[in-house]
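Protein chains in written order, with the working numbering: chain E, 1 to 156; chain Z, 1001 to 1254.
Source of the hints: derived by calculation from the structure; they are not laboratory data.
Since this is a predicted model, take the numbers as computed values, not measurements.
It cannot be assumed that every hint is accurate.
Claimed, not checked - Covered stretches of chain E (chain Z as the covering partner; in silico rule of three or more C-beta atoms under 8 Å from a C-beta of chain Z):
1. 13 to 22
2. 42 to 51
3. 57 to 63
Idealized CB from N, CA, C, for every residue including glycine.
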Amino acid sequence: MTQAAFPQVRIVPMRMLKPETAERLLNTLTGITGIRRMIIHGPGLPATVPYGPARGSPNPHSDRRAIQIGDAEVALRVQVGEVILEVEDAPVIEEIRSHCDDFFTEFSYQLQEGRFMKTAPTLVDYAKFGPDADETIIGLADPRSGEGPVVIRAPR
Amino acid sequence: MAYKPQYGPGTSIVAENRRKQMNPGQKLEKVRSVTDEDIVLILGHRAPGSAYPTAHPPLAEQQEPECPMRRIVKPTEGAKAGDRVRYIQFADSMFVAPSQPYQRTYSEMYRFRGIDPGTLSGRQIVECRERDLEKYAKELVETEMFDPARVGIRGATVHGHSLRLAEDGMMFDMLQRCLLDEDGIVKYIKNQIGEPLDRAVAVGKPMDEKWLKAHTTIFHSLAGTSYRDDAEYIEYVQRIHSLRTKYGFMPKEE
């Protein structure tokens, strides 16, 4: 669960990222020590057509694929629109900023500071995870998806 | 003196493009060519080459009542043949796409006959008889009212008009109906409702930023022309706003 003690930032690129670019960006970020938690956020790419006359038929999409971040494989289910990060302290933010300045050369980005993660479990979280849920994972993964968060270890 | 419509206010390039699209006397610039079969494939209402299914017998075979209105209004080709009513729907990006939902409806109402447009914030649907639809759709896709990257032909799941563009400049589409291929040409791989096509349908190269800025019909302070830069447009909108507000008080002459 979010603690007020930890600062949060949001990386908002001016273009939606392709999986390859997102993979490169996230691998750049894993090199930074002091990142506690991370959310990849953006519009969803469902596996089947959710509504309309073709509802239920398969929805092949080249951007819905697995990417390798550090030692972990992450199945992307969204087009990457922004990356929300919770960090240990303020100097880490400056490190993220300098990495992003080097990374985003073809189009610009914004690094916003604020509170972007859930601060209290919602009714859905309670229904899905129960009263004794691990508070560190609340708000990190969509409770309806049935998928948990991925743990990425920083490279030694 | 005969009435000459002005179509819209404004001195900016955006206002000029809006007037140009609405004015049926102005021929729209043809930018790309798409075959009739390609249009039929993207629409997905019938198989290419198949006969038009009908909703009623052709008008010539029907006993039509004697009616002065029917003598004045000639039926369109589709109505004459008794075609079904079918649709095409467009989603236009806010990032300087060449047309916009309201603009599309205005333009179509001035230019086409026998249509029923539906206008929403991010998408615009137009319904009409099937063979008329194919003719109109071809015109809408081939001319400057369309851009392969920033305009999508989307019958359902249209979300994307207000989102940031993808890295390659394409508007977000959850169903990925069209792809920017390696040769730089946008190809539709699904029809407008998201069913896979047997073959890819090419709709041409995305237009460059300069062309889009010169042909857009949306004001955008970051991506194109700012609304505030068009003083005449603002004056007009403020006048309408002021008049309708005053009318809300139902002023009466004593």
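Verification of the hints:
Counting residues of the segment 13 to 22 of chain E whose beta-carbon sits less than 8 Å from any beta-carbon of chain Z gives 7, enough to reach three: the coverage restraint holds. For the segment 42 to 51 of chain E, the stated coverage by chain Z is satisfied: 7 residues place a CB nearer than 8 Å to a CB of that chain, which reaches the threshold of 3. Residues of the segment 57 to 63 of chain E lying with their CB closer than 8 Å to a CB of chain Z number 6, which satisfies the three-residue condition for coverage.
No hint from the list above goes unmet by this structure.
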